[in-house]
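Q: Sequence:
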Amino acid sequence: MELKNNMQNFTKAVIETISRIPRGKVISYGRIALIAGNPFGARQVSRILHAMSQKHNLPWHRVINSKGMISLPTGGGYEGQRRLLEEEGIALDEKGRIDFEIFGWDPGKIALYHSIT
DNA sequence: TTAGTGACAGGCA
DNA sequence: CTGCCTGCCACTA
Numbered sequence: 004m005e006l007k008n009n010m011q012n013f014t015k016a017v018i019e020t021i022s023r024i025p026r027g028k029v030i031s032y033g034r035i036a037l038i039a040g041n042p043f044g045a046r047q048v049s050r051i052l053h054a055m056s057q058k059h060n061l062p063w064h065r066v067i068n069s070k071g072m073i074s075l076p077t078g079g080g081y082e083g084q085r086r087l088l089e090e091e092g093i094a095l096d097e098k099g100r101i102d103f104e105i106f107g108w109d110p111g112k113i114a115l116y117h118s119i120t
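Residue numbering for the first sequence follows the numbering used here, beginning at 4 and increasing consecutively.
Don't read these hints as lab results, they were simulated from the structure. Idealized CB from N, CA, C, for every residue including glycine. Careful: at least some of the hints might be erroneous.
[Unchecked claim] Straight-line Cα separation of at most 30 angstroms, BS3-like style, residue types lysine-lysine; simulated pairs:
(1) Lys58 with Lys15
(2) Lys15 with Lys70
(3) Lys15 with Lys28
(4) Lys15 with Lys98
(5) Lys98 with Lys70
(6) Lys28 with Lys70
(7) Lys28 with Lys58
(8) Lys58 with Lys70
[As the list claims (entries may be wrong)] Pairwise CB distance ranges, derived in the manner of DEER restraints:
(9) Thr77 with Gln11: 32 to 42 angstroms
(10) His59 with Gly83: 23 to 33 angstroms
(11) Met10 with Arg100: 27 to 37 angstroms
(12) Asn9 with Lys98: 20 to 30 angstroms
(13) Met10 with Arg86: 16 to 26 angstroms
(14) Arg46 with Asp102: 23 to 33 angstroms
(15) Pro110 with His59: 11 to 21 angstroms
(16) Pro25 with Tyr81: 34 to 44 angstroms
(17) Ile105 with Asn9: 32 to 42 angstroms
(18) Lys98 with Met10: 32 to 42 angstroms
(19) Pro25 with Lys58: 17 to 27 angstroms
(20) Glu82 with Met55: 21 to 31 angstroms
Assemble the whole structure, with the sequences as input and the hints as a guide.
A: Below, the structure written as structure tokens:
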């Protein structure tokens, strides 16, 4: 059960981290997994999102893969996510990529981000 | 119980 | 810079 609790903690940490993503910013699955305490939990993060995002009212659309692209298949939610991102001012280039240098969110820089805004 | 799958990531050609 | 291959982990058939 200790093991089970760890998984619960990871899930909770993931949910909490995602809920903290500022509007207009994005972060990768892997980075969230790392912050939540599991360096190899990127796939679990996606699984958690798919299962709990609506229930927890999370900004799931601000989570993308390490290549800066939307991971959903065209026709399987891609358009919707892209639209939500663009509504927040997040730009995608002609290849559907988002620049982390501009829109990437790093929890470690939250203080800096806060001071600027 | 084993095999297959996936809203991923990093290294290599 | 782009595409392919392998590693990881939880869940489903």
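Q: Hint by hint, note whether the structure agrees.
A: Verification of the hints:
1. A threshold of 30 angstroms between alpha carbons decides the hint, and for Lys58 with Lys15 the separation of about 13 angstroms falls inside it, so the pair holds.
2. The hinted pair formed by Lys15 and Lys70 meets the criterion: a straight-line CA distance of about 25 angstroms does not exceed 30 angstroms.
3. Proximity of Lys15 to Lys28 is assessed by CA-CA distance (about 21 angstroms); at most 30 angstroms being required, the pair is judged to hold.
4. Between Lys15 and Lys98, the direct Cα distance comes to roughly 33 angstroms. Violation of the 30 angstroms bound is thereby established for this hinted pair.
5. Taking the CA atoms of Lys98 and Lys70, the gap is near 11 angstroms; set against the 30 angstroms cutoff, the hint holds.
6. Taken as a hint, the Lys28 and Lys70 pair is honoured in the structure, with Cα atoms around 15 angstroms apart against an allowance of 30 angstroms.
7. Pair hint Lys28 plus Lys58 holds up; C-alpha atoms about 22 angstroms apart against a cutoff of 30 angstroms.
8. With a C-alpha separation of about 27 angstroms, the suggested pair Lys58 and Lys70 falls inside the 30 angstroms cut-off, and the hint holds.
9. A hinted range of 32 to 42 angstroms for the beta carbons of Thr77 and Gln11 is consistent with their spacing of about 34 angstroms.
10. Evaluation of the 23 to 33 angstroms hint for His59 and Gly83 yields a failure: the beta carbon distance comes to about 18 angstroms.
11. Checked against the hint of 27 to 37 angstroms, the C-beta distance between Met10 and Arg100 comes to roughly 32 angstroms, which is consistent with it.
12. The hinted range of 20 to 30 angstroms is not satisfied by Asn9 and Lys98, whose Cβ atoms lie roughly 38 angstroms apart.
13. Checking the proposed 16 to 26 angstroms range against Met10 and Arg86 shows it is violated: the Cβ atoms sit about 33 angstroms from each other.
14. A hinted range of 23 to 33 angstroms for the beta carbons of Arg46 and Asp102 is consistent with their spacing of about 24 angstroms.
15. Against the hinted window of 11 to 21 angstroms, the Cβ-Cβ separation of Pro110 and His59 comes to about 18 angstroms, which satisfies the hint.
16. Between Pro25 and Tyr81 the C-beta distance comes to about 23 angstroms, which lies outside the given range of 34 to 44 angstroms.
17. Between Ile105 and Asn9 the beta carbons are some 35 angstroms apart, a value that agrees with the proposed interval 32 to 42 angstroms.
18. Between Lys98 and Met10 the C-beta distance comes to about 36 angstroms, which sits within the given range of 32 to 42 angstroms.
19. Here the CB-CB span from Pro25 to Lys58 is close to 22 angstroms, well matched to the stated 17 to 27 angstroms.
20. Checked against the hint of 21 to 31 angstroms, the C-beta distance between Glu82 and Met55 comes to roughly 22 angstroms, which is consistent with it.
When held up to the earlier numbered hints, the structure conflicts with 4, 10, 12, 13 and 16 and fits the remainder.
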